[in-house]
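Place chain B on chain A using the hints.
2 protein chains.
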Amino acid sequence: MAKILVTGANGFAGQHLIKLLAPDYKIIGLINKSNLQNSNNVQYISGNILDQGFLTDLISKFQPDKIIHLAAIAPTWSPDPENIFKINLIGTLNLYQAVDNVNRQSMYIPKIVFISSAEVYGKTPNPEKITEENPFFPANYYGTSKVASDRLSYQMSQSSKLNITIVRPFNHTGPGQMKGFFVPDMASQIVEIENDQEKSELQVGNLQSIRDISDVRDIVEGYKLILEKDTEPGEAFNLCSGSGISMKDILGKLLKMAKKEIKIVEDPSRMRASEVPITVGDNSLFKERTGWEPKIPIDQTLEDTLEYWRGQHV
Amino acid sequence: MAKILVTGANGFAGQHLIKLLAPDYKIIGLINKSNLQNSNNVQYISGNILDQGFLTDLISKFQPDKIIHLAAIAPTWSPDPENIFKINLIGTLNLYQAVDNVNRQSMYIPKIVFISSAEVYGKTPNPEKITEENPFFPANYYGTSKVASDRLSYQMSQSSKLNITIVRPFNHTGPGQMKGFFVPDMASQIVEIENDQEKSELQVGNLQSIRDISDVRDIVEGYKLILEKDTEPGEAFNLCSGSGISMKDILGKLLKMAKKEIKIVEDPSRMRASEVPITVGDNSLFKERTGWEPKIPIDQTLEDTLEYWRGQHV
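From first to last, the protein sequence lines stand for chains A and B. Residue numbers for the first sequence follow numbering that gives the first Met the number 0, beginning at 0 and rising by one. Residue numbers for the second sequence follow numbering that gives the first Met the number 0, beginning at 0 and rising by one.
For reference, chain A alone in the conformation it holds in the complex (with noise of 0.2 Å):
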């Protein structure tokens, strides 16, 4: 049974990766707090990104066939640019170099997939179908430091001859996406006021920006298919449905699949304009490199997120 160390196994697309990858893999689950239950084939090991000489002892010791680097810091999670870039950066030379230290004792070239972001394309003047080659402009820090962790991820498949391929996840949501992002943030409310017999209003912001938005289970099928592919060290392959959908169609879905009348109210608050508001990308060149083909329709992915929040407020 082939090996595979998963960073970030505790996060969101890490829980529904390891689940898909289970069945066919022995797996080391990296995770920065020690909350998880091992299970048959899946082994979690708590530890820091940021301590090297860690990760060149787990990578000596279990010698993974298969690497793919999830752990980073999330858009919303710190204000501190610095951690974001340690974190997002530094963690990730960490990895690579630790890799190299393994490789240099004794031939070690394990396939190594780095999750990157559509966030590294941010402004651009070309938002609605973009491609591979299309120039970088960051919004955030988050956007700042994947330009940074998915460059290096380049520079290290030449300069270290790692076999690093680099995926861009445009956004993707469903169960277990913690709150913070719109569908987790509306979800929850919504299930929330389905459960308060004096609520029933929905305060919201600007709904105008449109996204890529894929289910989370489609986007771990395409990495657990880059994973398992031929690709050539340094290539990055954009994952995204290939379409766009407004905030406000999608809260009007969630609205519908609502089990009481919930009223919009518009809170001039939250009313910000968007960083960014539009990101469509392009997939063409994933699709055609793997086969990948979205299956979850995106009303699915609500009602499914919706039920995940029911079960919540349990």
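Please note: incorrect hints may appear among the correct ones.
It does not matter which identical chain is used: a pair holds within one copy or between any two.
What the hints assert, rightly or not - BS3-like mimics (lysine-lysine), calculated; alpha carbons at most 30 Å apart, straight line: (1) 178 x 160; (2) 122 x 286; (3) 25 x 258; (4) 122 x 25; (5) 294 x 247; (6) 286 x 255; (7) 247 x 259; (8) 255 x 2; (9) 122 x 65.
For the record, the hints were derived by calculation from the structure and aren't laboratory data.
Chain B only, in chain A's frame:
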């Protein structure tokens, strides 16, 4: 008299720039060691770019009208990538946050010019006329650190409303450039051979690579022009001659200028292929915006560089 802060003031370009600016500006030159004598309009201050408090105090006190950020670890200086990212990325972040700190206390929006590098383009598939929209394929940690700080400069021009202009100089050389780069390495060795009766051979490595080389004095002329021009915050400009020359041709010119016959001997241990075979930039955007034209032909640059090294060997 307008006030200007120059970081990296003791560097190669920094020293040439200060000579050019001194008649017209009150200058603070930030340096990392205290080895330079103040002169009429120029005051050197030594300090650490990683110390944000120091930078905030400096900017708050001096309130420069313009800032040019040259301080960076050069490609050949450090084998430690984490240190390169610290100085080149976090140092840049600190400078911008210091400006932002002062701006929060009292409206303060200086013109900032960030000196990026052509090394952001690296191993691009189209290396013979590189425009500003070209994607980034950095070949080494320095190039990746410049990708990160270049895009941080764009990002903070938007997210923090800082008035930052990005300049990407291609190769430049001339009197005062330290060894570790091709032209000073060759010129200094030629002068050594001129002064040594027993020597007449110069060991060389791979001379195939083609670069876009300007005189440092033309480059700092470009820095002065862009410092004095209104530009859109976040805009990026190539600064380069626009044509390529091989290392072989450069060496041929230097040897013709030498005071004695020198024989080239190919050293197989130095023959490793260049990371980036060709790099030639498109300078039309910068020329159009500033009226800049390079004035010093390469032969003059090489003559002056040889003279500089002859002066060092007295």
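Homo-oligomer pair classification [residue 2, residue 255; C-alpha up to 30 Å]: neither (44 Å within a copy, 61 Å between copies)
Within, between, both or neither, where residue 25 and residue 258 count as close if Cα-Cα is 30 Å or less: neither (42 Å within a copy, 69 Å between copies)
Identical-chain pair category, residue 247 with residue 259, by Cα at 30 Å: within (19 Å within a copy, 78 Å between copies)
Homomeric proximity label, residue 122 with residue 25: Cα distance no greater than 30 Å: neither (40 Å within a copy, 37 Å between copies)
Homomeric proximity label, residue 286 with residue 255: Cα distance no greater than 30 Å: Neither: 32 Å inside a chain and 57 Å across chains, both beyond 30 Å.
Within, between, both or neither: residue 122, residue 286 at alpha-carbon 30 Å: both (25 Å within a copy, 26 Å between copies)
Residue 294 and residue 247: within-copy, between-copy, both or neither at 30 Å Cα: Within one copy, since 23 Å is at most 30 Å while 57 Å is not.
30 Å Cα threshold - placement of residue 65 relative to residue 122: Classified as between: cross-chain Cα gap 26 Å, same-chain 33 Å, threshold 30 Å.
Same-copy or cross-copy closeness of residue 178 to residue 160 [CA-CA at most 30 Å]: between (39 Å within a copy, 28 Å between copies)
In the structure shown, a violation is registered for the earlier hints numbered 3, 4, 6 and 8, in ascending order.
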